[in-house]
Amino acid sequence: MNKQEIDARFVSIRREAERRAEHRKREAIPTIYIVMSTCGLASGAAETKHAFEEALSHKGIQARIVPVGCLGHCYAEPLVVIDHPASGFPPICYHQVSAGRARVLVGSYLEEGDPVLEYVLGAMERSDLIPSVMDFPRFSLEQRLVMEHCGHIDPDDIYQYIALGGYSALARVLASEPAEIIHLIETSGLRGRGGAGFPTGRKWSLARASETGGNIAICNADEGDPGAYVDRTILESNPHQLLEGLAICAYAVGATQAIVYVRAEYPLAVQTVKRAIRSAKELSLLGPGILGTPFDLEVSVFEGSGAFVCGEETALIRSIEGRRGMPQHRPPYPVEKGLWGRPTVVNNVKTLSSLPSIVQKGGSWFRAIGTASSPGTAVFSVVGNVRHPGLVEIAMGTSLRTLIFDVCGGIPNKKSFKAVQIGGPSGGCLPESFLDTPIDFDSLRQAGAMMGSGGMVVMDEDSCMVDVARYFLDFTQKESCGKCTFCRIGTRHLLNILDRITKGDGRKEDVELLATLSEDIKNGSLCGLGKTAPNPVLTSLRFFLDEYEAHIKEKRCPALKCRSLTAYYIDLEKCARGCEVCVGCCPVEAIFTTRGRKKGIDQKLCVKCGECLVACPREYDAVVKVSPPGLAPIIERPPDEEKSVGGQG
Amino acid sequence: MVTIVVDTKEIQADDGKSVLQTCLEHGIFIPNLCFMKSREHPHASCRLCFVEIYGIDQPVTSCTERVREGLVVLTATARARRLQQAAFKLLMSAHHCRPKACPVRGGCQLIRIARHLKVGLNSQPLERLERAIDEEVDLGLFTYYPFRCVLCGRCVHVCRQRTGHNLLTFAGRGLKTVVALFGGGDLAAAPCRHCGACATVCPTGALVLKGEQGRAASADSSLRAPQIPPR
Amino acid sequence: MVQDIAAMLPAFERHRGNLIPILQAIQERHSYLSGAAMKMVAKHLGIGPGEVYGVATFYNQFRFQPPGRHRIKVCLGTACHVAGGEIILENFERKLGIKDGETTADREYSVERVVCVGCCALAPVALLDDDVLGRMLPSKVEGLFVQFEIERQRQEREKVARESGEQARD
Ligand SMILES: Cc1cc2nc3c(=O)[nH]c(=O)nc-3n(C[C@H](O)[C@H](O)[C@H](O)COP(=O)(O)O)c2cc1C
Ligand code: SF4
Ligand code: SF4
Ligand code: FES
Ligand code: FES
Numbered sequence: 000m001n002k003q004e005i006d007a008r009f010v011s012i013r014r015e016a017e018r019r020a021e022h023r024k025r026e027a028i029p030t031i032y033i034v035m036s037t038c039g040l041a042s043g044a045a046e047t048k049h050a051f052e053e054a055l056s057h058k059g060i061q062a063r064i065v066p067v068g069c070l071g072h073c074y075a076e077p078l079v080v081i082d083h084p085a086s087g088f089p090p091i092c093y094h095q096v097s098a099g100r101a102r103v104l105v106g107s108y109l110e111e112g113d114p115v116l117e118y119v120l121g122a123m124e125r126s127d128l129i130p131s132v133m134d135f136p137r138f139s140l141e142q143r144l145v146m147e148h149c150g151h152i153d154p155d156d157i158y159q160y161i162a163l164g165g166y167s168a169l170a171r172v173l174a175s176e177p178a179e180i181i182h183l184i185e186t187s188g189l190r191g192r193g194g195a196g197f198p199t200g201r202k203w204s205l206a207r208a209s210e211t212g213g214n215i216a217i218c219n220a221d222e223g224d225p226g227a228y229v230d231r232t233i234l235e236s237n238p239h240q241l242l243e244g245l246a247i248c249a250y251a252v253g254a255t256q257a258i259v260y261v262r263a264e265y266p267l268a269v270q271t272v273k274r275a276i277r278s279a280k281e282l283s284l285l286g287p288g289i290l291g292t293p294f295d296l297e298v299s300v301f302e303g304s305g306a307f308v309c310g311e312e313t314a315l316i317r318s319i320e321g322r323r324g325m326p327q328h329r330p331p332y333p334v335e336k337g338l339w340g341r342p343t344v345v346n347n348v349k350t351l352s353s354l355p356s357i358v359q360k361g362g363s364w365f366r367a368i369g370t371a372s373s374p375g376t377a378v379f380s381v382v383g384n385v386r387h388p389g390l391v392e393i394a395m396g397t398s399l400r401t402l403i404f405d406v407c408g409g410i411p412n413k414k415s416f417k418a419v420q421i422g423g424p425s426g427g428c429l430p431e432s433f434l435d436t437p438i439d440f441d442s443l444r445q446a447g448a449m450m451g452s453g454g455m456v457v458m459d460e461d462s463c464m465v466d467v468a469r470y471f472l473d474f475t476q477k478e479s480c481g482k483c484t485f486c487r488i489g490t491r492h493l494l495n496i497l498d499r500i501t502k503g504d505g506r507k508e509d510v511e512l513l514a515t516l517s518e519d520i521k522n523g524s525l526c527g528l529g530k531t532a533p534n535p536v537l538t539s540l541r542f543f544l545d546e547y548e549a550h551i552k553e554k555r556c557p558a559l560k561c562r563s564l565t566a567y568y569i570d571l572e573k574c575a576r577g578c579e580v581c582v583g584c585c586p587v588e589a590i591f592t593t594r595g596r597k598k599g600i601d602q603k604l605c606v607k608c609g610e611c612l613v614a615c616p617r618e619y620d621a622v623v624k625v626s627p628p629g630l631a632p633i634i635e636r637p638p639d640e641e642k643s644v645g646g647q648g
Numbered sequence: 000m001v002t003i004v005v006d007t008k009e010i011q012a013d014d015g016k017s018v019l020q021t022c023l024e025h026g027i028f029i030p031n032l033c034f035m036k037s038r039e040h041p042h043a044s045c046r047l048c049f050v051e052i053y054g055i056d057q058p059v060t061s062c063t064e065r066v067r068e069g070l071v072v073l074t075a076t077a078r079a080r081r082l083q084q085a086a087f088k089l090l091m092s093a094h095h096c097r098p099k100a101c102p103v104r105g106g107c108q109l110i111r112i113a114r115h116l117k118v119g120l121n122s123q124p125l126e127r128l129e130r131a132i133d134e135e136v137d138l139g140l141f142t143y144y145p146f147r148c149v150l151c152g153r154c155v156h157v158c159r160q161r162t163g164h165n166l167l168t169f170a171g172r173g174l175k176t177v178v179a180l181f182g183g184g185d186l187a188a189a190p191c192r193h194c195g196a197c198a199t200v201c202p203t204g205a206l207v208l209k210g211e212q213g214r215a216a217s218a219d220s221s222l223r224a225p226q227i228p229p230r
Numbered sequence: 000m001v002q003d004i005a006a007m008l009p010a011f012e013r014h015r016g017n018l019i020p021i022l023q024a025i026q027e028r029h030s031y032l033s034g035a036a037m038k039m040v041a042k043h044l045g046i047g048p049g050e051v052y053g054v055a056t057f058y059n060q061f062r063f064q065p066p067g068r069h070r071i072k073v074c075l076g077t078a079c080h081v082a083g084g085e086i087i088l089e090n091f092e093r094k095l096g097i098k099d100g101e102t103t104a105d106r107e108y109s110v111e112r113v114v115c116v117g118c119c120a121l122a123p124v125a126l127l128d129d130d131v132l133g134r135m136l137p138s139k140v141e142g143l144f145v146q147f148e149i150e151r152q153r154q155e156r157e158k159v160a161r162e163s164g165e166q167a168r169d
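Protein chains in written order, with numbering that gives the first Met the number 0: chain H, 0 to 648; chain X, 0 to 230; chain Z, 0 to 169.
The hints are simulated quantities; they were obtained by calculation from the structure and are not laboratory data.
Misleading hints may appear alongside valid ones.
Calculated cross-link-like contacts (lysine to aspartate or glutamate; reagent style EDC-like; alpha-carbon spacing at most 16 Å) [as the list claims (entries may be wrong)]:
| # | chain 1 | residue 1 | chain 2 | residue 2 |
| --- | --- | --- | --- | --- |
| 1 | H | 477 | Z | 111 |
| 2 | H | 521 | X | 56 |
| 3 | H | 502 | Z | 85 |
| 4 | Z | 94 | H | 588 |
| 5 | H | 280 | H | 155 |
| 6 | H | 607 | Z | 85 |
| 7 | X | 36 | X | 13 |
| 8 | H | 607 | Z | 111 |
| 9 | X | 175 | H | 473 |
| 10 | X | 117 | X | 56 |
Negatives, chain Z to chain H, calculated, CB over 12 Å [stated by the list, open to error]:
| # | residue |
| --- | --- |
| 11 | 33 |
| 12 | 34 |
| 13 | 61 |
| 14 | 84 |
| 15 | 107 |
| 16 | 156 |
Here are the in silico distance ranges between beta carbons for each label pair [unchecked claim]:
| # | chain 1 | residue 1 | chain 2 | residue 2 | range |
| --- | --- | --- | --- | --- | --- |
| 17 | H | 400 | X | 56 | 32 to 42 Å |
| 18 | X | 56 | H | 198 | 19 to 29 Å |
| 19 | Z | 64 | X | 68 | 50 to 60 Å |
| 20 | H | 512 | X | 73 | 23 to 33 Å |
| 21 | H | 198 | X | 73 | 27 to 37 Å |
| 22 | Z | 64 | H | 594 | 48 to 58 Å |
| 23 | Z | 31 | H | 329 | 43 to 53 Å |
| 24 | H | 329 | X | 68 | 18 to 28 Å |
| 25 | Z | 148 | X | 120 | 50 to 60 Å |
| 26 | Z | 163 | X | 132 | 50 to 60 Å |
| 27 | X | 68 | H | 339 | 29 to 39 Å |
For every residue, glycine included, the Cβ atom is placed at its ideal position computed from N, Cα and C.
Given the sequences, and given the hints that come with them, work out the whole structure.
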């Protein structure tokens with residue numbers, strides 16, 4: 000099939016998309032874009048949408064409501080962009096648009112033309128009227144490639160993606176030889192975004208070499224890291240870019256079947272991708288005889304049943320085969336012998352989503368972004384103690400400092416930075432002295448962390464590093480598939496030791512034991528889960544040894560986090576007589592009244608939830624948290640009060 | 000035939016056979032529990048068979064390495080030993096060893112490995128792990144002792160080989176993984192051939208045929224065809 | 000239930016790869032997998048029932064007991080952990096007298112832990128059935144149960160009112 004014929008087929012689709020876009024523009028009625036991905040919905044976007052609809056029909060105003068995917072600004076959710084051409088203002092982005100704000104916006108802006116400046120985050124375009132979000136560091140320091148269209152288009156409308164140039168890379172690929180495409184990806188230097196950073200072009204040529212006439216391409220969207228939601232957001236916000244990438248990959252490696260492996264816990268992503276596949280099939284962009292060529296690609300969605308280890312490619316394949324998701328020894332690699340014994344290429348969502356722009360703009364364009372050894376961009380979900388959490392896409396090589404302090408606004412509440420955890424359960428915690436580390440595969444690995452699948456948790460001085468290590472080990476220990484000795488049993492020992500340290504039962508030999516055991520698990524485990532599981536322990540031992548020692552030797556948690564090592568007490572000097580706020584808030588009635596109607600805490604009953612510390616009015620600030628617990632002065636419950644526990648306090 | 004060197008000894012070996020099997024056949028012992036000749040794809044779960052191979056920077060499991068011309072294998076380097084011993088300690092911390100009550104007595108593979116590695120049967124300095132699983136499970140024809148099981152999967156494998164089904168399977172995940180027969184011991188409905196192969200290949204005393212509590216068990220059963228007791 | 004499953008199965012091709020999709024479909028409709036259900040699936044696919052059981056018990060998604068009428072899920076993802084999700088979980092556990100993964104004796108509530116529900120910016124997060132409750136505090140847990148109680152009493156009153164209304168009509 001020659002280039003002209005494919006082009007002719009595609010151009011007619013492209014024309015239709017442009018016609019629709021043109022039509023929308025001509026209509027000249029306001030458009031309200033509402034972010035309706037999981038984070039938006041969790042913050043109440045559905046109610047916001049409902050409020051807009053009601054207010055519009057109530058006032059009889061004509062406007063179009065377009066649900067869009069995530070813009071990445073989770074801190075400002077529910078986010079709404081209103082494009083009201085008649086008002087003379089550029090499209091404006093509003094933050095925290097509750098149902099109430101939605102009603103105000105309809106009344107003030109759409110009806111009266113006042114854009115309600117106090118709800119404005121910024122204008123989406125540069126103009127003299129309203130500062131543009133483009134000039135905020137959160138936007139200007141980012142470089143969006145994978146997430147370029149996320150939040151700007153309706154994920155359910157394939158034409159919106161096509162109007163922005165979507166699927167033209169696929170049309171171009173279909174007119175070339177697979178070997179040319181593999182060569183292009185090799186020269187682009189693209190490395191897999193699933194964690195390990197394996198060169199994508201190399202993987203493809205290996206698969207091509209063992210071609211059997213029916214290879215399989217799998218998109219890995221299992222994303223089991225408990226703090227990452229990058230892949231899910233991409234699926235929910237721009238599924239077509241991924242599907243286009245998947246089709247390009249399939250064509251290049253000679254696959255006739257493609258599977259998107261998404262976790263069942265991501266219902267919105269599953270549904271969005273399924274709908275996207277259907278609409279791409281209708282336009283002959285997927286399915287049999289794509290764009291009239293002999294290239295057939297059957298695409299389906301497999302819902303993963305929630306096991307972290309199934310993100311590992313051999314386990315993932317086992318689970319599609321309907322077996323227990325236990326990793327297999329490699330070789331044979333999936334590219335030689337994968338799903339149902341056929342050569343199989345497994346690529347991450349971000350890897351595949353990068354492909355269309357590489358095909359369109361060329362390998363050297365891609366190489367120019369990022370660093371020499373890690374070209375392109377990295378997408379992180381930055382959460383924890385930062386002012387502007389959310390999804391961030393930056394060029395590789397950007398320093399951690401820029402990402403955390405400039406892009407994400409630094410640490411809130413006047414606290415200081417302590418550590419950043421990168422790569423989730425397989426990664427590690429890096430301290431302040433590593434903030435100038437450039438973000439790329441090799442530098443992070445050298446520092447002891449890992450790119451992982453894009454989870455980044457920023458922690459302030461109130462986070463205990465021993466507790467964080469314990470948290471991740473608790474996770475990996477539960478998620479170990481149980482096949483091999485080191486991971487199944489070894490991670491439990493690590494967890495037990497960390498558990499006893501955080502409970503104040505640490506022994507002086509524990510640090511040594513943790514280090515040796517971690518080293519053995521790393522070297523002895525069968526798959527990547529076990530090999531990387533000790534990383535949180537190893538990095539925290541390396542950078543925060545003093546915290547381990549404080550826990551073990553002094554039974555003290557420097558961050559006042561480990562509950563067995565802390566206590567709350569009420570400073571009698573500061574306590575206001577009889578304000579009683581703390582008494583009402585304590586869930587276990589541990590707070591009693593002592594002499595002078597002042598309050599005391601019964602240490603035996605206290606569950607250390609910290610509620611009284613929050614509740615005590617700021618002008619008194621009488622509740623104090625200390626570690627070790629022995630520092631809390633003993634205040635006896637007066638005998639007469641004991642009888643009236645639960646009475647009127 | 001190719002020539003390889005194992006700990007200074009030259010060996011004529013079949014090209015493509017696993018290093019572990021080759022060594023065992025030539026009387027060189029490497030600790031192992033999960034290896035079986037008949038497993039097409041090595042299970043590689045016990046992590047006891049680490050050796051060092053010239054040219055590979057990390058110790059590797061010998062059951063997954065294939066023999067090729069000129070291979071140089073070292074079975075007792077410090078690094079390989081460290082991993083072998085670490086894996087053994089870990090297994091022993093989850094394996095409740097009570098020699099007096101053990102149905103396989105001295106025949107247990109774990110004892111042989113301990114002797115080879117010159118370590119005791121305890122797990123020092125690791126504590127013994129307790130788990131919320133049953134002490135003893137009645138599987139009809141057999142009794143299963145989860146705290147003795149090392150999850151080598153040999154029983155599961157032979158069962159599938161014999162019956163074409165996974166009557167015996169792993170159930171659960173992680174440290175709670177056990178060998179199970181769905182519906183307990185109701186073997187009447189299942190296509191069990193009552194061959195007892197599973198109990199025969201068990202390297203520890205975890206799967207025991209009822210009424211066979213004194214079996215001198217599988218001394219290196221990886222190289223021996225499992226005996227089929229009369230029905 | 001058995002009949003319903005028997006009616007569902009023919010829609011799935013007898014192919015090993017369909018095992019997990021079938022189990023998901025059954026759980027979707029019946030909220031858990033019973034022993035009988037797993038046996039039927041085994042028969043449909045021509046594999047041993049042990050195999051179905053072995054696969055089902057491997058994955059977090061599958062339940063073997065019916066859950067409570069209200070399912071409370073507490074997020075213990077990384078961001079929620081750092082923000083004190085465990086304290087929230089404990090409050091639910093204490094309030095209901097059950098541990099995570101359990102269901103109250105009246106089958107009214109079940110509590111489970113989940114990892115990252117994808118709105119870390121609202122940490123700590125809990126889910127009540129499908130509603131996301133962000134920025135949780137122990138006092139909000141208390142408040143929730145007060146709300147439940149009010150709701151229950153309201154329903155009770157309505158029921159009484161309805162019944163007495165019906166009686167009046169009779
Ligand atoms: C325990 C474990 C979990 C993994 N989880 C994921 C995941 O959630 N998403 C992913 O894309 N890759 C994951 N991987 C990596 C995959 O095995 C595989 O390398 C990757 O999907 C290849 O895609 P890439 O070449 O595009 O990076 C995981 C690996 C391990 C060992
Ligand atoms: S390292 Fe852990 S997850 Fe991987 S095979 Fe071993 S037990 Fe399973
Ligand atoms: S019962 Fe025996 S043969 Fe089966 S897995 Fe356990 S130790 Fe191995
Ligand atoms: S014999 Fe090699 S890992 Fe068990
Ligand atoms: S960690 Fe709780 S929502 Fe992400």
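Cross-check of the supplied hints:
Restraint check: the Cα-Cα separation between residue 477 of chain H and residue 111 of chain Z comes to about 14 Å, which is no more than 16 Å; the hinted pair holds. Taking the CA atoms of residue 521 of chain H and residue 56 of chain X, the gap is near 14 Å; set against the 16 Å cutoff, the hint holds. A threshold of 16 Å between alpha carbons decides the hint, and for residue 502 of chain H with residue 85 of chain Z the separation of about 15 Å falls inside it, so the pair holds. Between the alpha carbons of residue 94 of chain Z and residue 588 of chain H the distance comes to roughly 13 Å, so the proposed pair stays at or under 16 Å and holds.
Distance restraint check for residue 280 of chain H and residue 155 of chain H: the Cα-Cα separation of roughly 13 Å lies within the 16 Å cut-off, and the hinted pair is therefore satisfied. For the suggested pair residue 607 of chain H and residue 85 of chain Z, the alpha carbons sit about 11 Å apart, so the restraint of at most 16 Å is met. A threshold of 16 Å between alpha carbons decides the hint, and for residue 36 of chain X with residue 13 of chain X the separation of about 14 Å falls inside it, so the pair holds. Between the alpha carbons of residue 607 of chain H and residue 111 of chain Z the distance comes to roughly 22 Å, so the proposed pair goes past 16 Å and is violated.
A hinted pair counts as satisfied when its Cα atoms are at most 16 Å apart, and residue 175 of chain X with residue 473 of chain H qualifies at roughly 14 Å. Distance check on the hinted pair: residue 117 of chain X and residue 56 of chain X sit about 26 Å apart at the alpha-carbon level, beyond 16 Å; violated. Non-interface call for residue 33 of chain Z relative to chain H: holds, since the shortest CB-CB distance, roughly 18 Å, exceeds 12 Å. At roughly 19 Å, the least C-beta separation between residue 34 of chain Z and chain H is larger than 12 Å, which holds for a residue marked as non-interface.
Residue placement check: residue 61 of chain Z does not keep its beta carbon more than 12 Å from all beta carbons of chain H (closest about 7 Å). Interface exclusion of residue 84 of chain Z from chain H breaks down, the closest Cβ pair being 10 Å apart, not more than 12 Å. Even its closest Cβ contact with chain H, about 20 Å, leaves residue 107 of chain Z beyond 12 Å, as expected for a residue assigned away from the interface. Non-interface status of residue 156 of chain Z relative to chain H is upheld: no Cβ of that chain comes within 12 Å, the nearest being about 27 Å off.
Evaluation of the 32 to 42 Å hint for residue 400 of chain H and residue 56 of chain X yields a pass: the beta carbon distance comes to about 34 Å. The hinted range of 19 to 29 Å is satisfied by residue 56 of chain X and residue 198 of chain H, whose Cβ atoms lie roughly 21 Å apart. In this structure the supplied range 50 to 60 Å holds for residue 64 of chain Z paired with residue 68 of chain X, their Cβ-Cβ distance being about 58 Å. The beta-carbon spacing between residue 512 of chain H and residue 73 of chain X, approximately 28 Å, falls within the hinted interval of 23 to 33 Å.
A hinted range of 27 to 37 Å holds for the C-beta pair residue 198 of chain H and residue 73 of chain X, which are about 32 Å apart. Here the CB-CB span from residue 64 of chain Z to residue 594 of chain H is close to 52 Å, well matched to the stated 48 to 58 Å. A C-beta distance of roughly 36 Å is found between residue 31 of chain Z and residue 329 of chain H, which places it outside the suggested range of 43 to 53 Å. A C-beta distance of roughly 23 Å is found between residue 329 of chain H and residue 68 of chain X, which places it inside the suggested range of 18 to 28 Å.
In this structure the hint that residue 148 of chain Z and residue 120 of chain X lie 50 to 60 Å apart at CB holds, the actual value being about 57 Å. Taking the beta carbon of each, residue 163 of chain Z and residue 132 of chain X are about 54 Å apart, inside 50 to 60 Å as hinted. Between residue 68 of chain X and residue 339 of chain H the Cβ separation comes to about 33 Å, which falls inside the hinted range of 29 to 39 Å.
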